[in-house]
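Please arrange chain B on chain A, whose structure you already have, making use of the hints.
Listed here are the chains, written in short residue letters.
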Amino acid sequence: MANPIKPDRSVVTTCAYCGVGCSFKAETYQGKIVRMIPWKEGKANHGHSCVKGRFAYDYYNHPDRIRTPLIRKSIEDPWQEVSWDEAIDYAASEFKRIQDKHGKKSIGAVSSSRCTNEEIFLVQKLVRAVMGNNNIDNCARICHSPTQFGMSATVGWGAASQHFDSILQANVIMVVGANPTEGHPVFGSLMKRRIREGAKLIVIDPRRTETVDSAHCKATLHLALRPGTNVAVLDSISHVIVREKLYNEQFIRARCEWEEFEVWMGLVGSDRYAPEVIGPQAGIDPEAIRQVARMYAGGPNSAIYYGLGVTEHSQGSTGVMCLGNLALACGMLGREGVGVNPLRGQGNVQGGSCLGSWPHVFSGYRFVTDPEVRSSFEGDWGVPLDDEPGLRLPNMFDAALSGHFRGMFIMGEDPVQSDPNQHHVIAAMKSMECVVLQDIFLNETAKYAHVLLPGSSSLEKEGSFTSAERRVNRVRKVVEPLAGYQDWEIVVKLMNAMGYPVHYDHAGEILDEIARLSPAYKGMSFDLLERIGSAQWPCDENAPEGTEVLHTVKFPRANGRGTFMLTEYVPTIERTNDRYPLLLTTGRILSQYNVGTQTRRTANSMWHPEDVLEINAEDAHVRGIKDGDWLSISSRFGVTQLKAKLSKRVNPGIVYTTFHHAKSKANVLTSDLSDWATNCPEYKVTAVEVVKAAADTQTVSSRKIEALEETTA
Amino acid sequence: MWAELRDLRENIDFGTPPRSGTEVTITVDGVAVKVPSGSSVMLAAAKAGKNVPKLCATDTLEPFGSCRVCLVEIEGRRGYPASCTTLVEEGMAVTTQSDKLQALRKGVLELYLSDFPEQDIEGGWSEFHNTLQQCGVSSHPYEKGDHHQDAPVDESNPYFLFDPAKCIVCSRCVRACEEIQGTFALTISARGFESEVAAGPNHSFFESECVSCGACVQTCPTQALVEKSLFEGGYQRG
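So the protein lines, in turn, are chains A and B. Heads up: the first sequence at position 457 corresponds to 488 in this note's numbering, and the numbers run straight through without jumps. Heads up: the second sequence at position 189 corresponds to 848 in this note's numbering, and the numbers run straight through without jumps.
These are computed hints drawn from the structure, not numbers from a lab. All C-beta atoms in this analysis are idealised placements derived from N, C-alpha and C, irrespective of residue type, glycine included. Any given hint could turn out to be false.
Stated by the list, open to error - The calculated label-pair distances, taken between Cβ atoms and stated as ranges, are:
#1 407/A with 686/B: 55 to 65 Å
#2 795/B with 562/A: 36 to 46 Å
#3 670/B with 723/A: 58 to 68 Å
Stated by the list, open to error - With a straight-line cut-off of 27 Å between C-alpha atoms, the simulated DSSO-like cross-links for lysine-lysine are:
#4 63/A with 37/A
#5 887/B with 37/A
#6 674/A with 657/A
#7 524/A with 508/A
#8 887/B with 63/A
#9 135/A with 478/A
#10 104/A with 135/A
#11 694/A with 674/A
#12 524/A with 136/A
#13 56/A with 887/B
#14 706/B with 56/A
#15 694/A with 676/A
#16 887/B with 508/A
#17 37/A with 508/A
#18 136/A with 478/A
To be verified - Which bits of chain B does chain A cover? Going by a derived footprint, with three or more residues having C-beta under 8 Å, they are:
#19 864-870
#20 884-891
Chain A on its own, in the form it takes in the complex (with noise of 0.2 Å):
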């Protein structure tokens, strides 16, 4: 019979990939998963899905799965299968034992954006509470803390003013350093479908990417600047603003700053941001930056979308500000239609962001400094809480290379993979004594680890996400955990054992002291997810349903006004030479998910079955590479190989790869030079040179990296 198996079960959940979270329904036949269904109900993608969403979920099921608990004394030692007592009681001696000899400080931990709310908040709660530190922080320190800080600076908030729907209000769509029809793909189906509306499209990108020109979906106008100057062209933008006055007075007067905004003005007003001088540094055409500014200015509804193009450098944060500065000098801020959003790589990076994973702050971005917020978490958790701020994750791993710091509980994440100057990293991780990894797979930290505490995926417990739209989405349970325990279960057993009794019935329990704890997840509950489906925070006694669109009466700083912030232009360090001629810069493939532990384990590997490097044919052809030649990539930090791309893509002097496979070892070759405010590493600008390689190797090699191994071997 050629019909269909009949599935006998389904359970609605959230998909674990990008920040979209998209809805779906997990059906199941004999305790199986058989397949998953875009939920038409799924306020996010209203029953859409994309290629990784609807078909990559076998993963969960693979043979790589770790299902026993592993330990081992030393790095160099081969793994032992223990039970699951023995190892969470060896992963807390080992912490007690660190922490008596070198200091409550000397450990910390790492959560993961791709872990619950419930999950994050617990570890945050595990350093605080039981560690007594404040070393905790997050993978959104290598993404989006940029936009942390630049929008909280300047709106108040650092998350998406709109919900998704918005832009279906919106007449000019500005997306810069995003790529959604790959990174977010449910997201740009529903932009192609606004742009075919008649919408106008504007991409500011150093790459023709496929939002710029595909078949169906063409930018009105691209700036192809070069990157590291995002900062210098938007603030060019803003020049053309301020001199051909087309801002919006009567909102600035209304809402914002006055004074602040005059004062900005004279720095965006002055000469040097004159697109006649910006133009030929950023390498596009002047005119193009001045009919930008007019056509983002005069909307009536212009919309900004960005991703880590804008947060990924040394002037991150910058970057961001100049996006608010841009939406507040417009008016493009408190209603549908408009607004400054940040695309999310993975699916609850915003939570991540909101629940506290960072050194200095405790959920709802309130300091650990302040006395008040400190003792309502102190009498909530019964214990004294730390009033200094922790060490940030590439601080941790400095502090480990100088003996500071010797103990790390990473949940979720691979760093080895994933963070810059990837030799540092695994000099950091080798200096240490107890490295207590908690993951789905043996991953590249995972050889560097002492401890394996085999995680569940997202289709095998409860919580929730928080999407990039401050969606808050219920995961649920499919199947069971395929190690016996949920992610939540087993932070709490490492919290137990270290001493600090806790207990919960479910993981509903955490979302209340979530609520309980954080003014914006106040009227959260399971309960009120499940009369709803989902809510976007704020959600409280005001909004007890969630509230889509921010800022519609006033900004969430202390006068209640916008505000806006100096934004001069510092270029990067990292710059082109005799010796490295090229840009390097980096970006994402539908197929494929971040470092790709997931996809690869996938049939989506069919489509992108390795990285390859993307060259314009004039720095081909002046350097005899042809397409598919395997080629030697070098940098001031390392070496990599990857095979050529002839494309026209990227413009002459830049190229471009992404980091889906481990083999590449594309963070072989980026910088540790990070962002002014916040250390988000600066993956998008890495001078190059590229020659043919003899063959495949796909070896390292690096001469700094082996003097820092020596120094801690």
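Below, chain B alone, put in the same frame as chain A:
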């Protein structure tokens, strides 16, 4: 566009997208129902709890009017208009069930069945099967003539397959690829009896522009486009 996306319901297919407009009242089989102007008769009937049988219509896609199953009678109008492409008007009186309508729908469905794999008529659970059941049709009176039962199955995509033997050329897949995904990878090639769903000229699904979003599979009413994961041990005809 606005209301269209946001008023979707999991367990009800209104047949055509919800609209936002001033309210219009009509009666469907004697039941009065209020719907926004611009709504289809099909949507109004669904709101009145009178589901009209349908194949090419679904509330995530614009109406198309090709399957001829959703015919209704409207007081004061001649013939049997398709309820998916007919818009409501104030005071309209619609009949969705009559002997004549039943006979017309049966005739159309029998024709579809005459070119559907015989062994799969029983035991299926697709929208097509549900519509057959709704209209009380389980067989057809036709001799075996020209048919599409031997057309090759496209199994190039790792996740789903396309079996032209089950395709009724309703164009829902083509429209989903355009309207929902915005990729425009699919088309209907040739005309009349020869017409078939194609992923571009001489391209398999995998070689085509298809981005494997699954929108076509999701909307296919006959499971001609279907997830491979629903077949243990691979797909086999007959």
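Going through the hints against the structure:
no. : hint                         : result
1   : 407/A with 686/B: 55 to 65 Å : holds (59 Å)
2   : 795/B with 562/A: 36 to 46 Å : holds (39 Å)
3   : 670/B with 723/A: 58 to 68 Å : holds (60 Å)
4   : 63/A with 37/A               : holds (12 Å)
5   : 887/B with 37/A              : holds (13 Å)
6   : 674/A with 657/A             : holds (10 Å)
7   : 524/A with 508/A             : holds (20 Å)
8   : 887/B with 63/A              : holds (14 Å)
9   : 135/A with 478/A             : holds (26 Å)
10  : 104/A with 135/A             : holds (22 Å)
11  : 694/A with 674/A             : holds (12 Å)
12  : 524/A with 136/A             : holds (21 Å)
13  : 56/A with 887/B              : holds (17 Å)
14  : 706/B with 56/A              : holds (24 Å)
15  : 694/A with 676/A             : holds (17 Å)
16  : 887/B with 508/A             : holds (24 Å)
17  : 37/A with 508/A              : holds (20 Å)
18  : 136/A with 478/A             : holds (24 Å)
19  : 864-870                      : holds (count 3)
20  : 884-891                      : holds (count 6)
Figure legend: structure checked against the earlier numbered hints; every hint is met.
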